[in-house]
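Student: Chains as they are written, first to last, in this note's numbering: chain A, 130 to 531; chain B, 130 to 531.
Heads up, a few of these hints could be off.
[Said to hold, decoys possible] Stretch by stretch, here's where chain A covers chain B in the computed footprint (C-beta under 8 angstroms, at least three residues):
| id | stretch |
| --- | --- |
| 1 | 143–154 |
| 2 | 251–263 |
| 3 | 269–278 |
| 4 | 413–420 |
| 5 | 425–435 |
| 6 | 442–455 |
[Stated by the list, open to error] When the alpha-carbon atoms are kept at most 20 angstroms apart in a straight line, the in silico EDC-like pairs for lysine to aspartate or glutamate are as follows:
| id | chain 1 | residue 1 | chain 2 | residue 2 |
| --- | --- | --- | --- | --- |
| 7 | B | K155 | A | D455 |
| 8 | A | K155 | B | E447 |
| 9 | B | K131 | A | E447 |
| 10 | A | K376 | A | D415 |
| 11 | A | K376 | A | E464 |
| 12 | A | K449 | B | E160 |
[To be verified] Beyond 10 angstroms from chain B on every Cβ pair, some chain A residues (computed):
| id | residue |
| --- | --- |
| 13 | E239 |
| 14 | L322 |
| 15 | I358 |
| 16 | R365 |
| 17 | M419 |
| 18 | D462 |
Note that these hints are calculated values from the structure, not bench results.
The beta carbon of each residue, even a glycine, is placed where N, CA and C say it ideally should be.
2 protein chains.
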Amino acid sequence: MKPIKIGLFGLGTVGRGIYSIIGRAKNAHAEILRIAVRDINRPRGLDLPAGLLTDRADDILDDPRINLIVEVIDDPDASFAIVSEALRRGIPVVSGNKTMIARHLPQLIELQRAHGTALLYDASSCGSIPVIRNLEEYYDNDLLLEVKGILNGSTNYILSRVFDHDEDYDSALRHAQEAGFAESDPSFDIDGLDSLYKLIIITVHALGVYVAPERILTLGIGHISDADIRYAREKRVKIKLVAQVVKVADDAFTMFVMPEFVARNKYIYSVDDEYNGVVIRGECYDRQFMFGKGAGSLPTASSILSDVMARLHGYRYEYKKMSYLDRPAYTTDVELTVYARYGATDLPSLLPWRHIGESYRSDDGNYVIGRISLADLIARRGLLDAPDVFLANIPTFFTDRD
Amino acid sequence: MKPIKIGLFGLGTVGRGIYSIIGRAKNAHAEILRIAVRDINRPRGLDLPAGLLTDRADDILDDPRINLIVEVIDDPDASFAIVSEALRRGIPVVSGNKTMIARHLPQLIELQRAHGTALLYDASSCGSIPVIRNLEEYYDNDLLLEVKGILNGSTNYILSRVFDHDEDYDSALRHAQEAGFAESDPSFDIDGLDSLYKLIIITVHALGVYVAPERILTLGIGHISDADIRYAREKRVKIKLVAQVVKVADDAFTMFVMPEFVARNKYIYSVDDEYNGVVIRGECYDRQFMFGKGAGSLPTASSILSDVMARLHGYRYEYKKMSYLDRPAYTTDVELTVYARYGATDLPSLLPWRHIGESYRSDDGNYVIGRISLADLIARRGLLDAPDVFLANIPTFFTDRD
Numbered sequence: 130m131k132p133i134k135i136g137l138f139g140l141g142t143v144g145r146g147i148y149s150i151i152g153r154a155k156n157a158h159a160e161i162l163r164i165a166v167r168d169i170n171r172p173r174g175l176d177l178p179a180g181l182l183t184d185r186a187d188d189i190l191d192d193p194r195i196n197l198i199v200e201v202i203d204d205p206d207a208s209f210a211i212v213s214e215a216l217r218r219g220i221p222v223v224s225g226n227k228t229m230i231a232r233h234l235p236q237l238i239e240l241q242r243a244h245g246t247a248l249l250y251d252a253s254s255c256g257s258i259p260v261i262r263n264l265e266e267y268y269d270n271d272l273l274l275e276v277k278g279i280l281n282g283s284t285n286y287i288l289s290r291v292f293d294h295d296e297d298y299d300s301a302l303r304h305a306q307e308a309g310f311a312e313s314d315p316s317f318d319i320d321g322l323d324s325l326y327k328l329i330i331i332t333v334h335a336l337g338v339y340v341a342p343e344r345i346l347t348l349g350i351g352h353i354s355d356a357d358i359r360y361a362r363e364k365r366v367k368i369k370l371v372a373q374v375v376k377v378a379d380d381a382f383t384m385f386v387m388p389e390f391v392a393r394n395k396y397i398y399s400v401d402d403e404y405n406g407v408v409i410r411g412e413c414y415d416r417q418f419m420f421g422k423g424a425g426s427l428p429t430a431s432s433i434l435s436d437v438m439a440r441l442h443g444y445r446y447e448y449k450k451m452s453y454l455d456r457p458a459y460t461t462d463v464e465l466t467v468y469a470r471y472g473a474t475d476l477p478s479l480l481p482w483r484h485i486g487e488s489y490r491s492d493d494g495n496y497v498i499g500r501i502s503l504a505d506l507i508a509r510r511g512l513l514d515a516p517d518v519f520l521a522n523i524p525t526f527f528t529d530r531d
Numbered sequence: 130m131k132p133i134k135i136g137l138f139g140l141g142t143v144g145r146g147i148y149s150i151i152g153r154a155k156n157a158h159a160e161i162l163r164i165a166v167r168d169i170n171r172p173r174g175l176d177l178p179a180g181l182l183t184d185r186a187d188d189i190l191d192d193p194r195i196n197l198i199v200e201v202i203d204d205p206d207a208s209f210a211i212v213s214e215a216l217r218r219g220i221p222v223v224s225g226n227k228t229m230i231a232r233h234l235p236q237l238i239e240l241q242r243a244h245g246t247a248l249l250y251d252a253s254s255c256g257s258i259p260v261i262r263n264l265e266e267y268y269d270n271d272l273l274l275e276v277k278g279i280l281n282g283s284t285n286y287i288l289s290r291v292f293d294h295d296e297d298y299d300s301a302l303r304h305a306q307e308a309g310f311a312e313s314d315p316s317f318d319i320d321g322l323d324s325l326y327k328l329i330i331i332t333v334h335a336l337g338v339y340v341a342p343e344r345i346l347t348l349g350i351g352h353i354s355d356a357d358i359r360y361a362r363e364k365r366v367k368i369k370l371v372a373q374v375v376k377v378a379d380d381a382f383t384m385f386v387m388p389e390f391v392a393r394n395k396y397i398y399s400v401d402d403e404y405n406g407v408v409i410r411g412e413c414y415d416r417q418f419m420f421g422k423g424a425g426s427l428p429t430a431s432s433i434l435s436d437v438m439a440r441l442h443g444y445r446y447e448y449k450k451m452s453y454l455d456r457p458a459y460t461t462d463v464e465l466t467v468y469a470r471y472g473a474t475d476l477p478s479l480l481p482w483r484h485i486g487e488s489y490r491s492d493d494g495n496y497v498i499g500r501i502s503l504a505d506l507i508a509r510r511g512l513l514d515a516p517d518v519f520l521a522n523i524p525t526f527f528t529d530r531d
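Extracted from the complex, chain A is given alone in its bound form (with noise of 0.2 angstroms):
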């Protein structure tokens, strides 16, 4: 067991954490050699030893004594010139950045095959949650049929206040941001892309099967409005920003982040606030539902530590699923059944429905409830896109609790 030395990379909200609580962890034979940062200057109210900051990638990448890169810069380019020229040379990394490995996971995939190394990523997808690693090693098989859940903080605690505290969507959003859990920028969050880049973690480690951000339909929150709030909470449903995949026959699976009118049975409806939600659903063990905190400082800086800590012991993700004889393929021909406000833009005849069940006009918005493809949703996305527009997931092919 060879003492772990780490060159870190990012000094921001989880960097910090993870300088604090590799500092607290006495069995972690592990010790921050080097961070690297992009203004060395920067007052940071820390008390670090003198030399260990730097701004230059390379006084880390040379470091012979460094046999374990920890990468949580906010850039998604640069993080991926930094992991994948460590992964080239041959060093391991641990990385908490899914914008950068939801886009480029073949590619890391194969140079740690090439390189002989490993690049373990837990803290990406749901914080101190151990989806990645569950998925990998202990649902290790193919009884899988379902990951579903809320995965993204920021949108679920603005809902939250919504739903539970009865605020209006703009004020749930002005809370969120004063109380640290949205940006002052949160497109990011609320147009379900975090959501997105998780999942697509998640899948490849649930199925085996990397799927491309752009073929997967991704909506968000941004477009509620008052009147799908109020018929929300007149059916008793919460509305929650849920991403999810599924299998739909032996050879098959399908996956979007999607709005979702989540109702009082589901273990889902009571992940509140800036808590994440996962259920695992499978043949045999029905449903294993999953919950902690997805987001935060020290949340994800400890499970950056159960990261280093799996190097310790020489753990690597073996991607085994992709290596199955019968993979599932990704497919889009699913039906769904959707509730469909509009405005102006006139989603009843703009929309290749197989069935509308339900049509409402009124003053304050009109809607539809009905059947369509996802396929076809993907096909007419910029649609989606209008700021009249809001779809939500009415889940109707799952039963019971889920």
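Fit chain B to the supplied structure of chain A, relying on the hints for placement.
Tutor: Structure of chain B alone, referenced to chain A:
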């Protein structure tokens, strides 16, 4: 990757689940070569290949093709004989026998070390919830503060009938037996032994310390009365049978199994029916909650399958925390706040209370609520078994949701 050739011991409920699941898991590269049963002629309603069954353990132990033994028989002594013999011969074992493992874990760890082989037993604790593997691998650091949960499905099913369906205890127990969630002799579950053995195994993987069963306070639900149920309902709490291991200082932890008053804001409040739920609390990630089916043929078998798959990749528990420098020590020198209901057994005078905060006498039953040390409860263990006595823990030293 060597295909797994299994010798299976036991073809009861779980054994049949394993037989069915291994057949279904195409990518498991696993095959059952031989099944040892007590009575080879018993009709089983299964279409088994000729020669699969045997009633001689040596037919499996001596078979050079078999590279994994899966043991799910219900006799702990016979189980220990088989498992220890297999380990001595260097054959890895997957077992679901919590009683056997909890009683003999130090020897079993030593046998694994001495003979360079592996014993996996995630199925022994909480069926399909991957508690052991996560504690061993993911919560592999000194941040862990507490593991607390509902580990026994039978008692939870009974108590759910009482608190969610307003039944009395006797009819709830009868319903549990009819539904197959309680044995005809339910004492193993009801007296808390099932929870205790799981807690002992969990503690080894949570904190790296083995504590023998007889050193741990284990109180069951068998003596619960209508008065206790009424009291809990009035206070708007549920009584649940809770097992917990808790760090009480940097260098000390305590553990016990006791009925507990569970308030509505606790995660485990909503763990109902036959489900299990475990809360893992740590310094940085706050609380993680894992929830799922804790027992039953297929959930347990799917957990066994996960261990089988892990063996395909050579996985073994490293018992890393047992080699930590500063392992915390087990202490019973902690103060609990308990509700103690009694009839003729005069608990107020017979127990060394540090403080009695509430005292009630009536024709229906009497109770006190007071503070008392765990060590004193253990020393007066005999008193607590009196049929007119029922104790429940009132959690005080934990905050908020747990």
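Student: Decide, hint by hint, whether the structure agrees.
Tutor: Evaluated hints:
no. : hint               : verdict
1   : 143–154            : holds (count 4)
2   : 251–263            : holds (count 7)
3   : 269–278            : holds (count 4)
4   : 413–420            : holds (count 8)
5   : 425–435            : holds (count 7)
6   : 442–455            : holds (count 8)
7   : B/K155 with A/D455 : holds, 9 angstroms
8   : A/K155 with B/E447 : holds, 18 angstroms
9   : B/K131 with A/E447 : holds, 16 angstroms
10  : A/K376 with A/D415 : holds, 14 angstroms
11  : A/K376 with A/E464 : holds, 13 angstroms
12  : A/K449 with B/E160 : holds, 19 angstroms
13  : E239               : holds, 20 angstroms
14  : L322               : holds, 24 angstroms
15  : I358               : holds, 25 angstroms
16  : R365               : holds, 18 angstroms
17  : M419               : violated, 5 angstroms
18  : D462               : holds, 24 angstroms
Checked against the numbered hints above, the structure violates only hint 17.
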